[in-house]
Amino acid sequence: MQTKTLGELAKHVGGEVVGDAAMQIHSASTLDKAGPGQITFLSNKKYVPLVKDTQAGAVITAEKMDSRASLLIAEDPYYAFMQIVVLLHGHRQHPQTGVSSHAFVSSTAKLGSDCNIHPFATIGENAVIGKNCQVYPGAFIGPNVTVGDDCILYPNAVIYDGCVIGNRVIVQSSASIGQDGFGFATHQGVHHKIPQIGKVVLEDDVEIGSGCAIERGTLDDTVIGKGSKIGDLVAIGHGTKIGPYCLLVPQVGVAGSVTMGHHCVLGGQVGVVGHIKIGNLVKIGAKAGVVNDVPDGATIVGTPAIDANKAKRAYSLIEYLPEMRKKIKELERRMEKTGSADE
Amino acid sequence: MQTKTLGELAKHVGGEVVGDAAMQIHSASTLDKAGPGQITFLSNKKYVPLVKDTQAGAVITAEKMDSRASLLIAEDPYYAFMQIVVLLHGHRQHPQTGVSSHAFVSSTAKLGSDCNIHPFATIGENAVIGKNCQVYPGAFIGPNVTVGDDCILYPNAVIYDGCVIGNRVIVQSSASIGQDGFGFATHQGVHHKIPQIGKVVLEDDVEIGSGCAIERGTLDDTVIGKGSKIGDLVAIGHGTKIGPYCLLVPQVGVAGSVTMGHHCVLGGQVGVVGHIKIGNLVKIGAKAGVVNDVPDGATIVGTPAIDANKAKRAYSLIEYLPEMRKKIKELERRMEKTGSADE
Amino acid sequence: MQTKTLGELAKHVGGEVVGDAAMQIHSASTLDKAGPGQITFLSNKKYVPLVKDTQAGAVITAEKMDSRASLLIAEDPYYAFMQIVVLLHGHRQHPQTGVSSHAFVSSTAKLGSDCNIHPFATIGENAVIGKNCQVYPGAFIGPNVTVGDDCILYPNAVIYDGCVIGNRVIVQSSASIGQDGFGFATHQGVHHKIPQIGKVVLEDDVEIGSGCAIERGTLDDTVIGKGSKIGDLVAIGHGTKIGPYCLLVPQVGVAGSVTMGHHCVLGGQVGVVGHIKIGNLVKIGAKAGVVNDVPDGATIVGTPAIDANKAKRAYSLIEYLPEMRKKIKELERRMEKTGSADE
Numbered sequence: 001m002q003t004k005t006l007g008e009l010a011k012h013v014g015g016e017v018v019g020d021a022a023m024q025i026h027s028a029s030t031l032d033k034a035g036p037g038q039i040t041f042l043s044n045k046k047y048v049p050l051v052k053d054t055q056a057g058a059v060i061t062a063e064k065m066d067s068r069a070s071l072l073i074a075e076d077p078y079y080a081f082m083q084i085v086v087l088l089h090g091h092r093q094h095p096q097t098g099v100s101s102h103a104f105v106s107s108t109a110k111l112g113s114d115c116n117i118h119p120f121a122t123i124g125e126n127a128v129i130g131k132n133c134q135v136y137p138g139a140f141i142g143p144n145v146t147v148g149d150d151c152i153l154y155p156n157a158v159i160y161d162g163c164v165i166g167n168r169v170i171v172q173s174s175a176s177i178g179q180d181g182f183g184f185a186t187h188q189g190v191h192h193k194i195p196q197i198g199k200v201v202l203e204d205d206v207e208i209g210s211g212c213a214i215e216r217g218t219l220d221d222t223v224i225g226k227g228s229k230i231g232d233l234v235a236i237g238h239g240t241k242i243g244p245y246c247l248l249v250p251q252v253g254v255a256g257s258v259t260m261g262h263h264c265v266l267g268g269q270v271g272v273v274g275h276i277k278i279g280n281l282v283k284i285g286a287k288a289g290v291v292n293d294v295p296d297g298a299t300i301v302g303t304p305a306i307d308a309n310k311a312k313r314a315y316s317l318i319e320y321l322p323e324m325r326k327k328i329k330e331l332e333r334r335m336e337k338t339g340s341a342d343e
Numbered sequence: 001m002q003t004k005t006l007g008e009l010a011k012h013v014g015g016e017v018v019g020d021a022a023m024q025i026h027s028a029s030t031l032d033k034a035g036p037g038q039i040t041f042l043s044n045k046k047y048v049p050l051v052k053d054t055q056a057g058a059v060i061t062a063e064k065m066d067s068r069a070s071l072l073i074a075e076d077p078y079y080a081f082m083q084i085v086v087l088l089h090g091h092r093q094h095p096q097t098g099v100s101s102h103a104f105v106s107s108t109a110k111l112g113s114d115c116n117i118h119p120f121a122t123i124g125e126n127a128v129i130g131k132n133c134q135v136y137p138g139a140f141i142g143p144n145v146t147v148g149d150d151c152i153l154y155p156n157a158v159i160y161d162g163c164v165i166g167n168r169v170i171v172q173s174s175a176s177i178g179q180d181g182f183g184f185a186t187h188q189g190v191h192h193k194i195p196q197i198g199k200v201v202l203e204d205d206v207e208i209g210s211g212c213a214i215e216r217g218t219l220d221d222t223v224i225g226k227g228s229k230i231g232d233l234v235a236i237g238h239g240t241k242i243g244p245y246c247l248l249v250p251q252v253g254v255a256g257s258v259t260m261g262h263h264c265v266l267g268g269q270v271g272v273v274g275h276i277k278i279g280n281l282v283k284i285g286a287k288a289g290v291v292n293d294v295p296d297g298a299t300i301v302g303t304p305a306i307d308a309n310k311a312k313r314a315y316s317l318i319e320y321l322p323e324m325r326k327k328i329k330e331l332e333r334r335m336e337k338t339g340s341a342d343e
Numbered sequence: 001m002q003t004k005t006l007g008e009l010a011k012h013v014g015g016e017v018v019g020d021a022a023m024q025i026h027s028a029s030t031l032d033k034a035g036p037g038q039i040t041f042l043s044n045k046k047y048v049p050l051v052k053d054t055q056a057g058a059v060i061t062a063e064k065m066d067s068r069a070s071l072l073i074a075e076d077p078y079y080a081f082m083q084i085v086v087l088l089h090g091h092r093q094h095p096q097t098g099v100s101s102h103a104f105v106s107s108t109a110k111l112g113s114d115c116n117i118h119p120f121a122t123i124g125e126n127a128v129i130g131k132n133c134q135v136y137p138g139a140f141i142g143p144n145v146t147v148g149d150d151c152i153l154y155p156n157a158v159i160y161d162g163c164v165i166g167n168r169v170i171v172q173s174s175a176s177i178g179q180d181g182f183g184f185a186t187h188q189g190v191h192h193k194i195p196q197i198g199k200v201v202l203e204d205d206v207e208i209g210s211g212c213a214i215e216r217g218t219l220d221d222t223v224i225g226k227g228s229k230i231g232d233l234v235a236i237g238h239g240t241k242i243g244p245y246c247l248l249v250p251q252v253g254v255a256g257s258v259t260m261g262h263h264c265v266l267g268g269q270v271g272v273v274g275h276i277k278i279g280n281l282v283k284i285g286a287k288a289g290v291v292n293d294v295p296d297g298a299t300i301v302g303t304p305a306i307d308a309n310k311a312k313r314a315y316s317l318i319e320y321l322p323e324m325r326k327k328i329k330e331l332e333r334r335m336e337k338t339g340s341a342d343e
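In order, the protein sequences belong to chains S, L and F.
At position 43 of the first sequence the residue is numbered 43 (this note's numbering), and the sequence of numbers has no breaks.
At position 257 of the second sequence the residue is numbered 257 (this note's numbering), and the sequence of numbers has no breaks.
At position 340 of the third sequence the residue is numbered 340 (this note's numbering), and the sequence of numbers has no breaks.
Check before you lean on any hint, since a few could be wrong.
The list cannot tell twin chains apart, which means a pair is met if one copy fits it or any two copies do.
[What the hints assert, rightly or not] With a cut-off of at most 27 Å between alpha-carbon atoms, the simulated BS3-like pairs for lysine-lysine come out as follows: (1) Lys283 - Lys226; (2) Lys241 - Lys64; (3) Lys110 - Lys226; (4) Lys52 - Lys329; (5) Lys33 - Lys226; (6) Lys283 - Lys46.
These are calculated hints, taken from the structure and not from any lab test.
The task is simple: from the sequences and hints, build the whole structure.
Okay, here's the thing in C-alpha cells:
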C-alpha cells in the first residue's frame, strides 16, 4: 500500500478532479464503508443514492454529481478504479521460496529463472516451465507440460500431462486442466474408455477459477482463447474451443465439441450442449440452457434459451399459467353456450 | 462404539421408552437395515410403513405407533437421533500425528497446543492457528491466515492469504476459501484483473463442503455467518454476506455482493444473482433462479423464482401449454364464425 | 503409437475395408483434421457432409458412403473407433515411481505389488491397496480404506477413511470420495452435525471425474455401481445408490437417499431430489429437475421433469406465452361483446 494525492491518481487514469486534488488517498473501499483518505467508485446505477453522503475522501464517477466527497471524473470509472487499486494496493505478493527443497522437480524438467516452486509442488518429466512462475504447494504439473512465463498455479492446481499453458496464465486452487474427457464407447451395455489423446491449451492471459474442470480433447485439443476468464467450478468438455476474451461466470458448464467465438459472456450456471456453435459477442443469461447454434451478437436467456427480450416477458408469464388456463376454460364454457345458441 | 440400554438412551435425550428399557443398543442404522441391538428413527412420513415390521431393536419416533420394535418417544426424533449417534458412535477420530516432520510450517507461523499437522500440509508465514486443530495432508493455510480453536481442515483444503477462520470450523476436502473474486475491468475489449483486497471470514461453527469455492472480496469481505453449513461444490461470489445459521445445499451458486439474512435454506443447484438482498428465514426451492430481493420468511421456487404456492401450480402447467394453445386456436376459429355471424 | 495397415485394423475390430487395405495408419484424428496415414470415424449424423472430402486416409462408418478416403465398415463405428485408438495410441503411460521416498505410507498400510505411490501421496493407517495401483501426487487414501487392483487415483484425489474401492477404478484429480454427508439436526435454530457413519463404495470399473464430491452415508453406504461413469463436478448425496453402468455427465447433482437402477443416463446439470426412486434404463435430459419417482425406461426432460416428447413441445411454447395471453384477452373482449349481445 502506498499513498497518493487525488490529483496524482487522476493523472494516472487520465481523469479530472472535482474537489480537493491535494487530498491524500491511501486505499480503496466500497461506497458505504470508505472513510477519509479512501477512494471508492460508482459503476452500478443501483448505488447512486449512496454517493451523496458517502464518508469517502473521493469517488470515481463518469460525471459530476452531488457528493460530500471529492470526485474523480473518468470516462470508464470501473477501469479507472482497477488502475487505482493496482497502484495503491498492487497484486498479491508471492512468497519467495525459490525452488523449495520440499518440492519434487523431475531431473528432466526445465525451469526458467526466478521461479518459486513451493513445498509439495510436483513438476513431472520433461515439463518446461518459463521464467518467473509461481507454483504453490500441492500444485501438480504433469509430464511433458509446457508453461509460459509469469504464470501462477495456486495450491493444488493440477495440470495433466502434455497440456500447454501460455504466458501470464493464472490457475486458481484445485482447478484441473486436462483430465480425461468424458468419452466412452458403449457396447453391449458396457462403457469402454476411449483414450483421450488431445490436450488442453490455455492461451496467454487466461485465468481459470478454483475447482474448474477443463477436459482434454479426445482427438482434437480443448482450447481456452487468449484473455478469457473462467470463474470457479466451471466444467468444459473435451474438444471445445472457447474463443478469446470470453467471460464464463462460476458454475457454467459447456459440453464437448462446442465452438465459441470471441467476447462472449456466459452468466452463472449456464449450460451449453455439445457440438454447437456460439458466435462472437454472444451474451447468455444466468442459468440458461443453450441447445442450438447462436448467431453473432445475440443475447439469450432461459431453458431452452431464446432471445432475451422475448424471454424476459415470456418466462415471467409462467406465473400466470393457472389464470390463463382458467380463462380458456371459462371461454370454452361460454362459447359452448353461445355455440349451442348458434345451432 | 459403546453399548447403552434403551433406557439410558431415553434419559440422554429426555425421551420415554415404550417397550424394553433394558434392551442393549450398540449402534444406529436405517429403518430397513437395522437389526436387534440397533436403534433407528422415523422423521420422514414416507417411511411410516416400515416402522411396523422393522427388525430394529428400537425406533425413535414422535408418538406411539404400532411396531415390533420398542419405541423411544422423543419430541424431536431427528435431534434425539443425532444425540444418540454421537453418544454411540462419536465423531471421527483424527490421526494423532502431532506436527509431522513431513509438514511445512513457516518459522513465523504460530500453532496452538494439541494440533495435528499432517504430512504435506503447509502453514504460511505469520499464520496463527488455535489449539486442537486438525490440518490434514495437502491442506494449505496461506500467509497471515488466522484459524481459531478446534478447527478441522480436511485433505487438500485451501485457505488463501489473510482469511479469518473462527472456532470449530470444518472445511471439507479440496474446498477453496479466499481465492480471487471474479473481478475484471473490461477496457477496449480486454479484461483487466482487479486486485481482490478483501478477505473471507468464516465465523464460528461454519462447515464448508468438499470442492466449494468461496471468493475473497474485492474491497469488502466475503462472510459466512456463525453456524451456517455449506454443502459440496457451492460457489459464493466476492463480497457476499451469508447470515448465521443458513443451510446451502450442494451446488448452490450465490453471486457477488449479495446480502442474506439468518436461517435461510437454499435447495440444490439454486442460483442467486449478484447485488440483491435475501431476507431472514427465506426458503428457496431446489434449482430456483433468484433475480430479485426476497422478503423475510418467503418461500420461493422456479426460474425466475416466485412464491412457492403459486410456482408449484404454475410450473406444473407448462406441460399443458400445447393443449392450451390448441384450445385458444379452436376458440379463435369458433369466434371467427360467431363473430362473422354477428356482423 | 504404432503403425498398422487398414486391413489389420479392420480385422482387429471385425470390420470390412472398402478401399486400400494395405494403407499404413499411424494415428487417429477428427473428420476435419485427419490427414493421410490417419483414421477417423463417423458416428454423429451432423458430420456426414464432412466424409466426402475428408483428407483422412480412412473413415470408420456403419455403411458404404461416398468419400475420397478408404472406409472401414463396422457395425458399431464408435466402438470400433475406441478399439483402434486403444490399439494405436494406448491408454496413458504412468510414471514408474515405485513407492516414492517422498510419499507418506503408514507403517500399518498394506500395498500390493507393482504400485506407484508418487511424491506427496498419503496412505493412512490400516489402508489396504491392491496391486498395480497408481497413486498420484497429493492423493490421499485415508485410514482403513480398501482399494482393489489396477486402480488410478489422479493428483489430489481424496478418499476418506473407511471407503471401499473396487478393481480398475479411476478417480480423476481433486475428486472427493467419502466426505461427510450434509446431515444436520436443527434444534432451536442451531444445526447440529450428525456423525456420518456410513461409507462410500465404488464398485469395479467405476470412473469418477475431476472435482466430484461423493458423500459418505449417514448410516447406510453411498454406492456407485459397477461400470458406472461419473463426469466432472458431480455431487452425490449421502446414502444414494447409483446402479451399474450409469452415465452421469458433468455437474449433475443427486441428493441423498436416492435409488437409481442400471444403465441410466443423466445429462449435464441435471438435479435429482432426495428420497426418490429412478428405475432402470432411464434417460434424463440436460438441466432437468427430477422431483418424483421415475419408471423404468422413461425419458424425461425439463423442470419439473416430464416425458421428453411432451416436454420438448411444451417447453418450446413458453416463448409464445405473451401471444397466448394476448389472444385470451382478445377472445374475452370479443366474448364480452357477443355475450352482451346474447343477453
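Status of each hint after checking the structure:
no.: 1; hint: Lys283 - Lys226; verdict: within (18 Å within a copy, 37 Å between copies)
no.: 2; hint: Lys241 - Lys64; verdict: neither (43 Å within a copy, 31 Å between copies)
no.: 3; hint: Lys110 - Lys226; verdict: within (24 Å within a copy, 42 Å between copies)
no.: 4; hint: Lys52 - Lys329; verdict: neither (54 Å within a copy, 46 Å between copies)
no.: 5; hint: Lys33 - Lys226; verdict: between (36 Å within a copy, 22 Å between copies)
no.: 6; hint: Lys283 - Lys46; verdict: both (22 Å within a copy, 25 Å between copies)
Hints 2, 4 from the list above are not met by this structure, while the remaining hints are.
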